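Asks: Residue numbers (numbering that gives the first Met the number 0), protein chains in the order written: chain A, 0 to 333; chain B, 0 to 287.
FYI, nobody ran anything at the bench for these hints, they're computed from the structure. Just so you know, these numbers come straight off a predicted model, no measurement behind them. Check each hint, because a few of them may be wrong.
As the list claims (entries may be wrong) - Chain A residues, not near chain B, derived (Cβ > 12 Å throughout):
id, residue
1, L4
2, N253
3, K278
4, I309
Said to hold, decoys possible - Coverage of chain B stretches by chain A, computed from C-beta distances (three or more under 8 Å per stretch; other residues unrestricted):
id, segment
5, 99-108
6, 113-127
7, 253-264
Here a beta-carbon is modelled for each residue, glycine too, at the ideal position from N, C-alpha and C.
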Amino acid sequence: MSGYLAYVGKRLGQFVLVVFVGINLAYVITHATPIDPVEQSISAVTSFGNTAPEAIAEMRKSLRELYGLEGSGWEQYSRFWSRILVGDFGPSLSAFPTPVGTLIARAMPWTIGLLVTATVITWALGNLLGGLAGYYQKNRVLKAMGVVAMTLHPIPYYIVALLLLIIFGFVWPILPISGGSQMNLAQGWTLDYVASVLTHSILPALSLIMIGLGSWFLGMRSLVSNVVTEDYVVYAELAGVDRSRILGSYVMRNALLPQVTGLAMSLGGIFNGAIITEKVFGYPGLGTLLVDAVYAGDYGLVLGVTTVSILGVSVGVLVIDLVYPLLDPRVQVS
Amino acid sequence: MGAVLRDLLRYNIEFRIGVLLTGIVVALSALSFVSPYSPIDTYVVAPDVPPNATNWFGTNSRGQDVFWQLTFALRNTLLFGFTVAILSRILSLVIGLLAGYKGGLADRVLMSVNDSFIVIPLFPVLVLFYFVLRDTMSWGLLALIMACLGWSYDARLIRSVAMSLKGREFTQTSIFSGMSTREILVGEHLPYVMPIVFSTTMNNMNWSIGLEVTLSVLGFTDIETPTIGGMIYWANQHTAMVAGIWWWFAFPVVAIVMAFVGLFLLAVSMNEYIDPRSRLARVGGGGG
């Protein structure tokens with residue numbers, strides 16, 4: 000047990016390092032810019048319509064502080080960190096004076112809801128089908144599925160999302176193509192609202208699943224086809240153990256473990272995908288927030304979303320890494 | 000090398016399709032050198048003409064011939080992927096080989112940095128880069144940034160091979176015969192990891208091209224250099240979809256899907272060739 004505790008300590012250290020490197024990257028990028036970011040951001044906001052002079056002064060002050068442009072280099076750096084650590088990204092410029100934190104908190108449930116559902120479905124389905132395809136290698140249907148997976152897998156999210164949009168938006172318009180729910184419905188646990196949220200999530204989720212499925216399918220298929228040649232599987236077959244039992248208890252179980260780490264790794268990748276998917280379907284999550292913030296020149300919001308996504312992905316990987324040795328006794332924790 | 004290619008072409012249908020698709024895409028991009036139009040000039044042909052005998056892929060609302068525009072876009076997109084792949088290969092080779100061979104503290108430090116890069120979500124970071132650089136964000140600069148971000152996963156792969164090579168007898172012989180670390184890594188270990196480098200090059204190209212397309216579609220890159228993502232961006236800007244100018248979208252999408260599938264199949268078939276178990280299964284020898 001003390002071995003596991005040491006492992007937990009090591010992983011926690013790594014987690015802190017990852018977050019540290021990530022946020023420093025954001026700091027360095029921000030400071031590498033040759034242009035005056037504050038004035039640029041302010042002019043981006045004030046070019047539309049009238050903004051009160053007091054508001055502009057407040058924006059400038061908060062931005063200079065957030066960018067860390069006051070005081071010596073070390074002071075700038077430490078002030079940047081002390082704000083980030085308490086989650087203070089200042090007010091949003093494009094939705095002044097709403098704090099960035101509020102905007103992120105509002106968008107977060109949408110992204111997490113879509114992401115978790117899509118990831119779980121994709122992972123389960125891809126591994127199940129891939130496992131079957133790896134075990135029953137002669138099956139025609141599963142072979143054809145492999146070809147489809149191979150073709151879909153390398154295509155970027157954007158293209159698939161676009162195709163779905165064309166098919167279900169214009170050619171056969173049966174599903175809503177934009178937004179998170181119907182505009183005129185009040186939020187709450189009413190049947191209409193929940194149904195509306197669900198129907199609006201079908202297309203974005205479908206595009207995520209279509210792309211994600213391929214890699215799980217192909218990965219699991221090759222893992223299973225390797226396990227199948229192991230001596231203990233051959234022995235079980237010769238001993239006349241039921242084939243479905245061999246597949247479920249002997250083959251899939253052992254092949255599944257690397258896929259569990261893969262699940263954590265893909266959280267990062269799927270987040271990238273969620274951004275573009277959300278933008279294409281106008282889904283009110285973090286991706287849309289980020290892209291719109293870039294268009295509006297809203298620095299605090301861009302930095303906030305970036306930081307939150309770095310944190311989210313690192314936490315995901317950490318949790319999986321901590322659970323992993325409990326699942327697989329072969330992993331040496333020391 | 001010739002024998003390897005012959006084997007792959009004979010036994011591997013994925014490789015054959017991959018060669019065919021990539022070949023078509025490369026041939027199209029090579030045609031850009033004989034294009035009658037410059038890629039940045041607009042209104043050189045009548046706008047919004049559907050595909051016909053003279054304009055094979057039609058013309059767009061900016062008065063450009065979609066076929067010739069596509070050749071330039073493919074050339075830039077492929078070159079972009081290739082540049083990123085080469086630069087990041089160098090990084091992952093140096094770091095992977097060094098970490099695997101040296102072990103100890105050097106390995107731990109390098110791999111901690113490596114793990115951080117693996118999990119950091121790259122898309123928001125790239126968006127942040129674009130946000131602060133804006134107009135100074137050029138095609139080459141983006142390639143450089145992506146190369147700096149895209150080496151980590153493959154470095155881990157190379158490291159694992161280097162670690163097993165370290166334990167082999169020939170490495171010990173090299174050490175005792177007085178070869179320096181650099182000589183051992185370049186002369187002895189590099190040839191062993193080259194097959195992995197080749198197959199990951201294709202994957203890395205796909206990864207970088209995919210991100211470039213995504214960024215361009217949103218307008219987060221240098222939109223003046225014609226790329227596939229850039230073409231879709233302009234088509235979006237002119238609401239080509241709503242206006243029914245489908246050929247402006249369709250041809251770049253088909254071309255890029257061909258490139259993706261082609262490169263992916265090349266990578267998969269090479270990977271399979273490296274793994275002797277699956278190669279044997281394919282040619283009908285033992286195991287399978």
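Asks: Confirm or reject each hint.
Replies: Evaluated hints:
1. L4: holds, 20 Å
2. N253: Correct as stated: the minimum Cβ-Cβ distance to chain B is 17 Å, above 12 Å.
3. K278: Violated, because the least Cβ-Cβ distance between K278/A and chain B comes to about 7 Å, which does not exceed 12 Å.
4. I309: Non-interface label on I309/A violated, nearest chain B Cβ at 6 Å vs cutoff 12 Å.
5. 99-108: violated (count 0)
6. 113-127: With 13 residues closer than 8 Å to chain A, the segment 113-127 of chain B meets the three-residue bar; holds.
7. 253-264: holds (count 7)
Checked against the numbered hints above, the structure violates hints 3, 4, 5; every other hint is satisfied.
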